[in-house]
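Single-letter residue listing:
Protein chains: 2
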Amino acid sequence: MNHKAAIPNAFTLTNLLLGILSIVYTMDQNYRMSAIMILLAAILDGMDGKVARKLDVASPFGKELDSLSDLVSFGVAPAILIYAAQLNEPYGIIGLTVAILFALCGAIRLARFNILNITTHFLGIPITVAGPLMALFSLAGDHLPDLFFPVAMLLLAGLMVSNLKVPKF
Amino acid sequence: MNHKAAIPNAFTLTNLLLGILSIVYTMDQNYRMSAIMILLAAILDGMDGKVARKLDVASPFGKELDSLSDLVSFGVAPAILIYAAQLNEPYGIIGLTVAILFALCGAIRLARFNILNITTHFLGIPITVAGPLMALFSLAGDHLPDLFFPVAMLLLAGLMVSNLKVPKF
Chain R
1 MNHKAAIPNA
11 FTLTNLLLGI
21 LSIVYTMDQN
31 YRMSAIMILL
41 AAILDGMDGK
51 VARKLDVASP
61 FGKELDSLSD
71 LVSFGVAPAI
81 LIYAAQLNEP
91 YGIIGLTVAI
101 LFALCGAIRL
111 ARFNILNITT
121 HFLGIPITVA
131 GPLMALFSLA
141 GDHLPDLFFP
151 VAMLLLAGLM
161 VSNLKVPKF
Chain E
1 MNHKAAIPNA
11 FTLTNLLLGI
21 LSIVYTMDQN
31 YRMSAIMILL
41 AAILDGMDGK
51 VARKLDVASP
61 FGKELDSLSD
71 LVSFGVAPAI
81 LIYAAQLNEP
91 YGIIGLTVAI
101 LFALCGAIRL
111 ARFNILNITT
121 HFLGIPITVA
131 GPLMALFSLA
141 GDHLPDLFFP
151 VAMLLLAGLM
161 VSNLKVPKF
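The listed protein sequences derive, respectively, from chains R and E. Residue 1 is where the first sequence starts when you use the numbering used here, and the numbers rise one by one after that. Residue 1 is where the second sequence starts when you use the numbering used here, and the numbers rise one by one after that.
Warning: the hint list may mix true and false statements.
One copy or any two copies: either way a pair holds, since identical chains are not told apart in the list.
Pairs of lysine-lysine residues, derived as DSS-like cross-links and limited to a Cα-Cα distance of at most 30 Å, are as follows [as the list claims (entries may be wrong)]:
| # | residue 1 | residue 2 |
| --- | --- | --- |
| 1 | 165 | 4 |
| 2 | 165 | 54 |
| 3 | 165 | 50 |
| 4 | 50 | 168 |
Just so you know, these hints were derived from the structure itself, not from any lab. Everything numeric in this text was worked out from a predicted model, so none of it was measured.
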């Protein structure tokens, strides 16, 4: 790996770092900071691919690392956050099931898209959209009804594994 | 995807499910169950590839899904468990840094191995060995000195990204 190639990968690893910090903040019941970590990860995730292409150092290694980081920051971290902050009370085990389903559908979405190699559009809503959306909803949590969270999470989970064509920007 | 191909993927998704449950148990401070989830995930992870090859349904999709699940169950879940159970007290932010470094090295290990396509041996200790080892250490936590955990975790992190040739069994 040359030095220039390390730059986008450093962005991607920071994305993963922020995803893990989000989980740590959720453990400390600091749900606001947990959501902010996910949103910061989303900003970095939007930059690594652009930087890699601009520097002409896009690589299969970078792509793999990106998928791995995306699952943690936009699948697992939001699932843990929304479960702890919004679903555990009042939904208990059903809330946990919904949260885990969201992360599993995110993993399926990532694995499927990686092997399809479609470049013109996305198939199903990207996990990089669904995860940050759930983090935004969590920040607005007090103003939303209880039922909003399981419904939104199931809907986004379904849309990630759907065959919906989503335009690339 | 045919019906037979769904069998190993169900094993892989259960591996991911157990990784997420491990994080949830750590949040509940049930560190014993958290470690057991990681060890159960390791058993399932040993089975999915074998089942896929036996049924002759090994696929790029299955391989991608396997890597994604491995990072959560054997990188992130052990990092969160060891940080909460062994490193937060007495090491604080330094303990958190060690735990996150372990997960980041695990991600690099997975991304690197996936693009190398070596089939005769492993390069660096697999994350599927390092993660379950940390879970085993955690179960024996009370009998080990405090300093054991950051040292073992840094050592395994380094070995994952090393060029050590590890034979396949």
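Here's how the hints hold up against the structure:
| no. | hint | verdict |
| --- | --- | --- |
| 1 | 165 x 4 | between (34 Å within a copy, 28 Å between copies) |
| 2 | 165 x 54 | within (26 Å within a copy, 35 Å between copies) |
| 3 | 165 x 50 | within (22 Å within a copy, 35 Å between copies) |
| 4 | 50 x 168 | within (13 Å within a copy, 38 Å between copies) |
In terms of the numbered hints stated before, the structure departs from none.
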